[in-house]
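Kindly produce the complete structure, drawing on both the sequences and the hints.
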Amino acid sequence: MEIIAGGVTAAKGFMAAGTAAGIKYRDRKDMAMVRSQVPCRAAGVFTRNVVKAAPVIWDREIVSQKGPVYAVVVNAGIANACTGQQGYEACSATAAAAAGALGVGEREVLVCSTGVIGMQLPLDRISEGAKELAGLVRCGQEAGLEAAESIMTTDTVPKEAAVRVKIGGKTVTVGGMCKGSGMIHPDMCTMLAFVTTDADISAELLQEALSCVVVDTFNMVSVDGDTSTNDTLLVLANGCAQNEPIREKNADYEAFAAALSQVCTALAKKIAGDGEGATALFEAKVTGADTKEHARTLAKSVITSSLTKAAIFGHDANWGRILCALGYAGVSFDPEKIELYLESGAGSILIYRNGSAADYSEEEATKILSCPEVTARVDMKMGSEEATAWGCDLTYDYVKINADYRS
-3 MEIIAGGVTA AKGFMAAGTA AGIKYRDRKD MAMVRSQVPC RAAGVFTRNV VKAAPVIWDR
57 EIVSQKGPVY AVVVNAGIAN ACTGQQGYEA CSATAAAAAG ALGVGEREVL VCSTGVIGMQ
117 LPLDRISEGA KELAGLVRCG QEAGLEAAES IMTTDTVPKE AAVRVKIGGK TVTVGGMCKG
177 SGMIHPDMCT MLAFVTTDAD ISAELLQEAL SCVVVDTFNM VSVDGDTSTN DTLLVLANGC
237 AQNEPIREKN ADYEAFAAAL SQVCTALAKK IAGDGEGATA LFEAKVTGAD TKEHARTLAK
297 SVITSSLTKA AIFGHDANWG RILCALGYAG VSFDPEKIEL YLESGAGSIL IYRNGSAADY
357 SEEEATKILS CPEVTARVDM KMGSEEATAW GCDLTYDYVK INADYRS
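Residues -3 to 403 in my numbering are what the sequence shown spells out, letter by letter.
Be aware that a few hints might be false.
List time: in silico DSSO-like cross-link candidates among lysine-lysine, alpha-carbon distance up to 30 angstroms [as the list claims (entries may be wrong)]:
{"#": "1", "residue 1": "K265", "residue 2": "K48"}
{"#": "2", "residue 1": "K62", "residue 2": "K245"}
{"#": "3", "residue 1": "K396", "residue 2": "K288"}
{"#": "4", "residue 1": "K281", "residue 2": "K333"}
{"#": "5", "residue 1": "K48", "residue 2": "K62"}
{"#": "6", "residue 1": "K377", "residue 2": "K333"}
{"#": "7", "residue 1": "K127", "residue 2": "K62"}
{"#": "8", "residue 1": "K48", "residue 2": "K127"}
{"#": "9", "residue 1": "K396", "residue 2": "K48"}
{"#": "10", "residue 1": "K8", "residue 2": "K127"}
{"#": "11", "residue 1": "K265", "residue 2": "K245"}
{"#": "12", "residue 1": "K166", "residue 2": "K8"}
The set of hints was computed from the structure by calculation and includes no laboratory data.
In C-alpha cells form, the structure reads like this:
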C-alpha cells in the first residue's frame, strides 16, 4: 500500500469543487460538491443520536435503496437539524438543483450539512450554490483541497488522505476528506467524511467493509463527549480502476478493506488532532487486553476523561487520572499488574507498574508531554488484544469557542 497526496479526487473519475454560497458565512467558501463521472455504488454509516438531522434521513434512505449515486453536495454553517418537514424539503430542493444541473436523478444525489442546529437553510442560496458547483467541479488535487476547505466550520485545517493499492493486478485508489473539530464522540463523531474509490466492489461488500472499518477508526475518536445530530460517513465506489469485480470476501476484498481502513484512520486522527482549541493529539493505546471490546472500552475511557485531557494540556504526568479512567470504564482488571507508559516524539517513559508509581523523572515526563502528539500506552497483562483511541487535550480555548458558537 502506498500513501499518496490528495483526497476525494485522488481516485479515477472523481471531481470536486467549492464555492461561497453565503449560507451562513460571508467571508469564505461554504459549499462543496464531489461528483463522479460515472454512477457509483454507495455505502454509509450515520449518527446514533436519536435526534437526526434532515440530511441524515435523506442519505440513509438513498444508501439503503442501493441505487446509483453520482454526487454529494455539502454545506457548512447551518446543520439543517431540528428543522422538521421544511428541513427535509430543503434536502430535496438541494438535490434537485444539483441533479438538474448534472443531468441525473434527484435521488441520485446525496446531501450533507454541518453547523448550527435549529436554523433553516436559505433555499435560494443553497439551490444556486448547488447549480454553480455543478459547473465548477473538476479533476485534480487542487479541486479536492478546495472542497475540503469549503466544508470546514471550526476546523483550523482541511483534512484529506489517500492511498493506492494493487488489487487483481490493477491500481486501486482510495481517497477521502472530512471535517470535524467539536461535538466529537465515539459511535461516530460530529463529523462529515467522504471517501471515494475507483474500486469495482458490490454495494453489499462496500457497506460491510465500511461498517467493519468504522469501529476501529472514527468510532474511536472523541473530543468533548458530545455526539452530533449530523454524523455521516459516505463511501462512493465507481469501478473506474477496472479491477476484477469484488463480489466475495477474498484476498481482493481484504486488500480493499485495508486501504479503506488506512484512509479512515488517517482522517480520524486528523479530526482528533484538530479538536476545538486543542494543542495536542492525545492517543490511548491499550495492549494485552483479554478481549477486543474491552481494549476499545478502556482506550476510549482514557481519551474521554476530562481530567486526563486537562493534564495533557498542562503537560502534567498525573497518571492517577489515567488509572482512574481505566477503573471506571466497566472492565474488570487487576491494577497491580498493569504497566503505563507515556510516549511521544521526545521519548518513552514507564510511569506506573506493580500497583504504584515507577521511578521516573518528572522533568522527562513533562518533556514527553510537551510534544504535539502524545500517547498513553497501557499494557493490561491479560491477553493479546489491543485497541487505540484518539482525542485531544482540553484547553481554555475550547470553552471560548463554544461559549459564543452561535453568535
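Structure-based check of all given hints:
{"no.": "1", "hint": "K265 with K48", "verdict": "holds, 25 angstroms"}
{"no.": "2", "hint": "K62 with K245", "verdict": "holds, 19 angstroms"}
{"no.": "3", "hint": "K396 with K288", "verdict": "violated, 37 angstroms"}
{"no.": "4", "hint": "K281 with K333", "verdict": "holds, 17 angstroms"}
{"no.": "5", "hint": "K48 with K62", "verdict": "holds, 21 angstroms"}
{"no.": "6", "hint": "K377 with K333", "verdict": "holds, 6 angstroms"}
{"no.": "7", "hint": "K127 with K62", "verdict": "holds, 25 angstroms"}
{"no.": "8", "hint": "K48 with K127", "verdict": "holds, 26 angstroms"}
{"no.": "9", "hint": "K396 with K48", "verdict": "holds, 26 angstroms"}
{"no.": "10", "hint": "K8 with K127", "verdict": "holds, 23 angstroms"}
{"no.": "11", "hint": "K265 with K245", "verdict": "holds, 28 angstroms"}
{"no.": "12", "hint": "K166 with K8", "verdict": "holds, 12 angstroms"}
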